[in-house]
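S.K.: Here is what each chain is made of, one letter per residue.
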Amino acid sequence: MGSPDLKRRFEEIYTAHYGDILAYVRRRTDSPEDAADALAETFATAWRRVGDLPSGAAARLWLYGVARRVLANGRRARSRRGELVERLGAQLALWTESAGPARDDHLDDVREALGRLGGDDREVLCLAGWEGLSSEEIASVLGCSSGAARLRLHRARKRLARELRAVGRDLTGRDEHTATPASSVELSRSVGSAKRKTA
Amino acid sequence: MKNLDPAMERTIDRLMADIAPDAGPGMTPLARELFDEITATPPGRRRLRLARRLTLPRRLTLPNRLAPPRLGRLAGLRLRWPVVAALATATVVLSWAFPAVDGIGPAPAAAALEIQRDGDFYVITVKDLFADPEVYQAELKARGLDITLTVKPTSANQAGSMFVINDYDRLKKGETVPGDGPVKAVNAPGPCERPTGCPIQLKVPVDYKRVAKVVLGRQARPGEKYMLPPGVAMPGEPFHCVDYVNKKVTDVAAMLGERGVQARFTAYAEGVQVPGDWYVIDGVMSEAGKALMLADPKPKPDPEPTSGPEPKSDSPSTSGPERPAASCS
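Protein sequence lines correspond, in order, to chains A and B. Residue 2 is where the first sequence starts when you use the numbering used here, and the numbers rise one by one after that. Residue 18 is where the second sequence starts when you use the numbering used here, and the numbers rise one by one after that.
Note that these hints are calculated values from the structure, not bench results. No experiment lies behind these values; they were computed from the predicted model shown. It is possible that part of the hints are untrue.
DEER-style ranges, computed between Cβ atoms [unchecked claim]:
| hint | chain 1 | residue 1 | chain 2 | residue 2 | range |
| --- | --- | --- | --- | --- | --- |
| 1 | B | Gly191 | A | Asp6 | 21 to 31 Å |
| 2 | A | Arg70 | B | Pro23 | 25 to 35 Å |
| 3 | B | Pro199 | A | Ala73 | 41 to 51 Å |
| 4 | B | Gly191 | A | Gly52 | 43 to 53 Å |
| 5 | A | Glu98 | B | Met44 | 16 to 26 Å |
| 6 | A | Asp6 | B | Arg160 | 42 to 52 Å |
| 7 | B | Val140 | A | Pro5 | 34 to 44 Å |
For every residue, glycine included, the Cβ atom is placed at its ideal position computed from N, Cα and C.
Could you build the full structure based on these sequences and the hints that come with them?
M.R.: Here it is in structure tokens:
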């Protein structure tokens, strides 16, 4: 495959999954600057290894895996960031500001319960709940077997349930929130999409 | 712990989805710029440094002096000092070449160098500073050039520098070689702060049959020791235009401290604890924020003026006007 083909292929993957990878790193970094840095590093790595990039839906999972490793390796020194990455960080900071700090969703107990879990549990729960991944897809991101991912997810859910019960959260599913996980994720994405259009 | 029933699992997943932080702005014009920047250089095995492709170094210089042997050894810098010392009398050709940011369009992944024929010369531009050394070598060997390239960590100001040693094989045998070799540098147009000029390309005769060694500087990773340690007084380094030679150790430690640099002092003699009233006679940056300073009981005779060396009149430049030296004004 010649270089123009490589670039075209990378462009398709980049365009299709940029938003997902941005969301992934943004949700797992403390600052917009770190998110921009990780985002740029993830796609730079992907370009460097464009020959290894799988096709189709697997590309998104592969990119999550790269982003995961980038974040695990820690952020780079600020001095090493490029001017464009700095601007990207500033844009994300503006976005965060415009989104506002208001949180009246009465879900702080869920956030706190999640925070009390171990990193491994949080990772699989977030991949499932935030990125909407199945245990098979989580296995692909983590590089483990489907069975191992399914077990990890199951145990993590149980531990989160225990934490939530301890603070009196009703988990019977009979309260006013009865949306399915998929529809919640879609809703979350729709909100993001609506915000993008208004930005 | 009891198992969760499917309804509870769904509730857990729903609660997780509900607390998902906002996804962010998605694809924006800036995201498109990032794509252009990332793909401006061909994919390959090198690490992509976004910062380096956007910002050309403000200053890029050759050492205006070479550190004494002890400095390199104690710093753990395995430089071959006899070779380096011999270089003091040789003309060192410096070249900075940067990946094309305006040519765009990826070149073949293997094209770490751009080598074009111009009459009896090859004009060589380094397109990828982060390629593996063997890639450079292979590309040069394909033209019959016996040139070895290595990449060494150095300071941000030295990143991108390229030292070309002509007749490396003879130099290794201890022979004296002429400073001016067949390799010529081609200067970049525009102003240049460096006394040695601001070359961006190398011109090598097509029939060049001698052995050359090229050392490329790359920016050190955080905490990585410099293998190409710049003098503390070089432009861009903490003591540029600072009169520190023959000052006392305690004073110099304080001066470096004010600049956020941690100093370590050493002496020619092995195992000597350097007292505070010795004279500092030289120094290099051993890694980011750390300097290794050489001290002696006696002050250095005839220290170089702080303003740095005069421009070289026998510069190997083949183009461009005479350039001013880096000054302290």
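S.K.: Which earlier hints turn out false for this structure, listed by number in ascending order?
M.R.: 1, 6 and 7
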